[in-house]
Amino acid sequence: MLELAVRKALPDFELDVDFCLDNGIMAVFGPSGAGKTTLLHCIAGLAEPDGGWVKLNDRTFYSSRDKVNLPARFRNIGYVFQDYALFPHMTVKKNVLYGVRGCKGKDNRYKLSVLEVLEMLKITHLQERYPGQLSGGEKQRVALARALMTEPELLLLDEPLSALDDGTRVQLRRELKELQRQWDIPFIIVTHSRTDLRALADRTLFLANGKQYRQINNGYPLFMYERG
Amino acid sequence: MAFDISPIILSVKVAVLATVICAATGTGLAWAMHRFKLPGKNILETVINLPLVLPPTVIGFGLLLLFGRNGPLGFVLEKLFNVRIVFTWWAAVIASTVVSFPMMYRSAKAGLASVSPDLEQAARTLGAGEWRVFLTVTLPLAWPGILTGIGLAFSRALGEFGATLMLAGNIPGRTQTIPLAIFFAAESGDMKAAGFFVFIITLVSFAVVYCLNSWPVSKKAVSKPQGGDGYVGTGCQKSLT
Chain U
200 MLELAVRKAL PDFELDVDFC LDNGIMAVFG PSGAGKTTLL HCIAGLAEPD GGWVKLNDRT
260 FYSSRDKVNL PARFRNIGYV FQDYALFPHM TVKKNVLYGV RGCKGKDNRY KLSVLEVLEM
320 LKITHLQERY PGQLSGGEKQ RVALARALMT EPELLLLDEP LSALDDGTRV QLRRELKELQ
380 RQWDIPFIIV THSRTDLRAL ADRTLFLANG KQYRQINNGY PLFMYERG
Chain F
68 MAFDISPIIL SVKVAVLATV ICAATGTGLA WAMHRFKLPG KNILETVINL PLVLPPTVIG
128 FGLLLLFGRN GPLGFVLEKL FNVRIVFTWW AAVIASTVVS FPMMYRSAKA GLASVSPDLE
188 QAARTLGAGE WRVFLTVTLP LAWPGILTGI GLAFSRALGE FGATLMLAGN IPGRTQTIPL
248 AIFFAAESGD MKAAGFFVFI ITLVSFAVVY CLNSWPVSKK AVSKPQGGDG YVGTGCQKSL
308 T
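Chains as they are written, first to last, in this note's numbering: chain U, 200 to 427; chain F, 68 to 308.
Treat the hints as calculated values from the structure; they're not laboratory data. Treat the hints with care, since some could be wrong.
Below, a list of computed lysine-lysine pairs in the BS3-like style, where the Cα atoms sit at most 27 Å apart [as the list claims (entries may be wrong)]:
1. F:K104 - U:K266
2. F:K104 - U:K207
3. U:K410 - U:K207
Chain U is nowhere near these chain F residues, computed Cβ spacing over 10 Å in every case [what the hints assert, rightly or not]:
4. R102
5. F148
6. G256
7. A274
Beta carbons: idealized from backbone N, C-alpha and C, even for Gly.
All chains, please: the whole structure from these sequences, using the hints.
Right under this line is the structure:
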């Protein structure tokens, strides 16, 4: 369960958001420059809010009252960047393995096999290639594999489909949905595409000028709208 | 015809040492300036770049004031460690380091600035600490800039004349580097010796610049498609169903 309430001053407005997310895919929807990426950064620990709190599964990542701000590396949150941010000097295999450090066998959890993740995302044949040799869709899958290899408790995706052609976008939308059901962790997907919203979101957070809106006049999903 | 090759050995020794010092401190400082918002950043930046625009004799004079017997650093070093810097080969190393430092710093800074902050952020979300981010992401991607800085700093250190002459003097066999040997050989009319050293230093500088220019080409060749090698496991398994 992700619980958060964050405030952060941005150059033109203040980001002011609060919500809880148990599971499923939540879309953060809004125009460019609405503070969507900043919200993801605040959750992941890449930016420090000015106030509020961020809790995931009862662990406090940020609390302005208790002066807690856990660095990103300890949050165990997967993050897929808008331009994928694959390390260009490493092969796909090394990229995917980057977040894997030793065996996490303490609480009887099993370590993921790289091959399983690569196969799940259909990129096994790409493992010795460099990011510069991949198509947009392939890069997206590698970025997903890299984030999932760390066994995150929450996955954040910043405009994951925006740079892809229509065919790849439709396919990846379906795969993202399947992936979320398979992994059973909450996904937060930033998008400004209404098609993505309809196809992917179990819930929607509409963001404009840093404020969340509970109602949208055009009839699209309301804040925390629950799909049937 | 036999020439005294001690200036060549000394020059290489001085230039290598100065380059190593510059590479470590220049990259470190460039990283700190790139990464943190330091107070007085613009002033510090100006001071770092000053040796680029100041005449080497001015730098030599300043170093002489610092490291001379009555200078603050010279006095401390002599009293505490009984070490004298002026007119030793260490003086040549210091002069070369100070003069070459901006070359290294500027190149390293440009190299570091070329690394996308998203890549460093991605490494952090994958559990990497700052040191690991630097070693595995920032440094390898900034490497072309750092390597250029190393090449430029080495060439500049090898050719350093004015500041070296003022701080280290011209003592054959002890502080006489190639540029000093060229100047004093030419001045005394020994054009053959001067020509010999000119040839050597031109050859080395040519090789450094040639290597720097051709390096990115060989780097690109690394990322050619390679075949997969089957299973890449991490030892344990997890059921995903």
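Status of the hints after comparison with the structure:
no.: 1; hint: F:K104 - U:K266; result: holds, 22 Å
no.: 2; hint: F:K104 - U:K207; result: holds, 20 Å
no.: 3; hint: U:K410 - U:K207; result: holds, 11 Å
no.: 4; hint: R102; result: holds, 14 Å
no.: 5; hint: F148; result: holds, 41 Å
no.: 6; hint: G256; result: holds, 54 Å
no.: 7; hint: A274; result: holds, 26 Å
Violated hints are absent here; each numbered hint is respected by the structure.
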